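Note that the protein sequences, when read in sequence, are chains A and U. All residue numbers for the first sequence refer to this note's numbering, where the first residue is 1 and numbers rise by one. All residue numbers for the second sequence refer to this note's numbering, where the first residue is 178 and numbers rise by one.
No wet-lab data here; the hints were simulated from the structure. Bear in mind the structure is a predicted one, so any value in this text is a computation, not a measurement. One thing to keep in mind: the hints can contain errors.
Straight-line Cα separation of at most 20 Å, EDC-like style, residue types lysine to aspartate or glutamate; simulated pairs [as the list claims (entries may be wrong)]:
#1 A/Lys71 x U/Asp377
#2 U/Lys331 x U/Glu441
#3 A/Lys136 x U/Glu375
#4 A/Lys3 x A/Glu88
#5 U/Lys381 x U/Glu420
#6 A/Lys136 x U/Glu323
#7 A/Lys71 x A/Glu126
#8 U/Lys331 x U/Glu432
#9 U/Lys273 x U/Glu261
#10 U/Lys302 x U/Asp436
#11 U/Lys331 x U/Glu420
#12 U/Lys331 x U/Glu291
#13 U/Lys414 x U/Asp366
#14 A/Lys71 x U/Glu322
#15 U/Lys232 x U/Glu291
#16 A/Lys71 x U/Glu323
#17 A/Lys71 x U/Glu375
#18 U/Lys302 x U/Asp438
#19 U/Lys381 x A/Glu130
#20 U/Lys381 x A/Glu126
#21 U/Lys439 x U/Asp377
#22 U/Lys302 x A/Asp66
#23 U/Lys183 x A/Glu97
#24 U/Lys381 x U/Glu432
#25 U/Lys414 x U/Glu270
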Amino acid sequence: MKKLISIVGIIIVFFLLYFLQSNFFSWFTIAGIKPNLFVIFILFIGLFATKKMGLIFGFLFGIFLDIVIGKNVGISGIVLGIIGYLGECLDRNFSKESRITIMLMVIACTIIYETSIYIFSIFANEAMIEVWAFIKILLIETIYNTILVIILYPLLQKAGYYLENAFKNKNILTRYF
Amino acid sequence: MYKNKKTGLIGIIITIIILIIVVFISNMDNKNISYIENIFNSLVMPVQNGLVYLKNKISGNDSFFADVNSLRQENEELKKKNSELEQELREFEILKAENETLKEYVNLKDKYKEFETIPAYIINKDISNYSKNIIINAGSDDGIEENMTVIADKGLVGFVISTTPTTAKVQTIIDPSTSVSGLLGTSRDPIVVNGTIESDNTLKATFIPTDANLSQGDIIETSGLGGIYPKGIQVGKITQVVETKNITDRYAVVETSVDFDKLETVLVITNK
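Whole structure, please, built from the sequences with the hints as guidance.
Structure representation (structure tokens):
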């Protein structure tokens, strides 16, 4: 039951984030640059739920974004899936208690996601290569994502522990003892 | 890690305030920024002027004050000349505006008249910083198909990349994956115009013929080559020509005719 509520909650939050990203954050920008809420969201699913969940939700939400607004169906799905999987791998090696660690994870994941998408679009859509412009945008986007994580950290942590209880309940004892 | 909840909350509030300030400052109009600049200048400049005056005095460089009378006379003459030039410039601006209005009239009224169009509203814009697609509220049920050209009242917007029965996805000309084959309005030289990730209202014109004579204000319109865009739709005008060491690499910055930030309605051309 808890698992079902969590899954429905994740789907509702995803749609809320989609509308936030396409409306509010289309004008609440830093120098015209939007943040990427989906990277933060999928990373948190991966970190707090299981890697399967991160992978599956990352892939499905990515495919949804590709179909609705993207040019090539699949690429966001694959990269967001990888981010979800990475979340669980990072969870095994780093502490989620530290705000700094979470910020560093978000920075790394934003860079991985956007660089992969950009390189793909250069090859698949023959987009112009603009290295400096890309680095400038990526830098601002990464800073924006980090600021959002600082603000949302307590909320994300609370929701995250709810998810962890729902999905990883049995593993806690075996892991620490 | 925060030691208690209170300091954590204060930290979050401070971060939110900083974020709001950063967002507003980074999106401020240049005019507002120059207003702030003026305030800072008025604070700093008197001291700066005083320091320069002192420096000139110390180094003996006080020749500014040597011949005040001749300087005044020269100043009067220059002022007179300046007002004459300003008058000429005003006349030139009027002629230029008149010329542009006529050009616009010829391009839009006469050329777009022959197209059958379907009007549509923009209902969604891209969520990414690196691509600039838009979604419109007309689809295959309205007769829209892939590769149809999308225009607005002032010029080219893009082309349809996919459709659903009620919506269509449009790849705009400002998207970095889009290339438009264009013609220079005056010399009729061919040119290729690309979108960039950096700006929402400028394009980059490349593959400029070495003998082409580019100038600021030149209008660029579609050439009709490539099979998607019809000939003669206004794309934008050149705002800057960037010369490089190798003339084949030179490029021009093109301001789009359509203001993509304020774009709300579009027309989809259904006949080719």
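Hints and how they fare:
1. A/Lys71 x U/Asp377: holds (18 Å)
2. U/Lys331 x U/Glu441: holds (12 Å)
3. A/Lys136 x U/Glu375: holds (9 Å)
4. A/Lys3 x A/Glu88: holds (18 Å)
5. U/Lys381 x U/Glu420: holds (13 Å)
6. A/Lys136 x U/Glu323: Roughly 34 Å between the alpha carbons, so the hint for A/Lys136 and U/Glu323 is violated.
7. A/Lys71 x A/Glu126: holds (12 Å)
8. U/Lys331 x U/Glu432: It holds: about 12 Å lies between the C-alpha atoms, which stays within 20 Å.
9. U/Lys273 x U/Glu261: holds (18 Å)
10. U/Lys302 x U/Asp436: holds (14 Å)
11. U/Lys331 x U/Glu420: At roughly 29 Å apart (the allowed maximum being 20 Å), U/Glu420 and U/Lys331 break the hint.
12. U/Lys331 x U/Glu291: holds (16 Å)
13. U/Lys414 x U/Asp366: holds (14 Å)
14. A/Lys71 x U/Glu322: holds (16 Å)
15. U/Lys232 x U/Glu291: violated (70 Å)
16. A/Lys71 x U/Glu323: holds (13 Å)
17. A/Lys71 x U/Glu375: Since the Cα atoms of A/Lys71 and U/Glu375 sit roughly 19 Å apart, the hinted pair holds (cutoff 20 Å).
18. U/Lys302 x U/Asp438: holds (10 Å)
19. U/Lys381 x A/Glu130: holds (11 Å)
20. U/Lys381 x A/Glu126: Between U/Lys381 and A/Glu126 the Cα gap is close to 15 Å, so the pair holds against 20 Å.
21. U/Lys439 x U/Asp377: Status holds; Cα separation ~11 Å.
22. U/Lys302 x A/Asp66: holds (13 Å)
23. U/Lys183 x A/Glu97: holds (18 Å)
24. U/Lys381 x U/Glu432: holds (9 Å)
25. U/Lys414 x U/Glu270: holds (17 Å)
Hint compliance for this structure: hints 6, 11, 15 are broken, all remaining hints hold.
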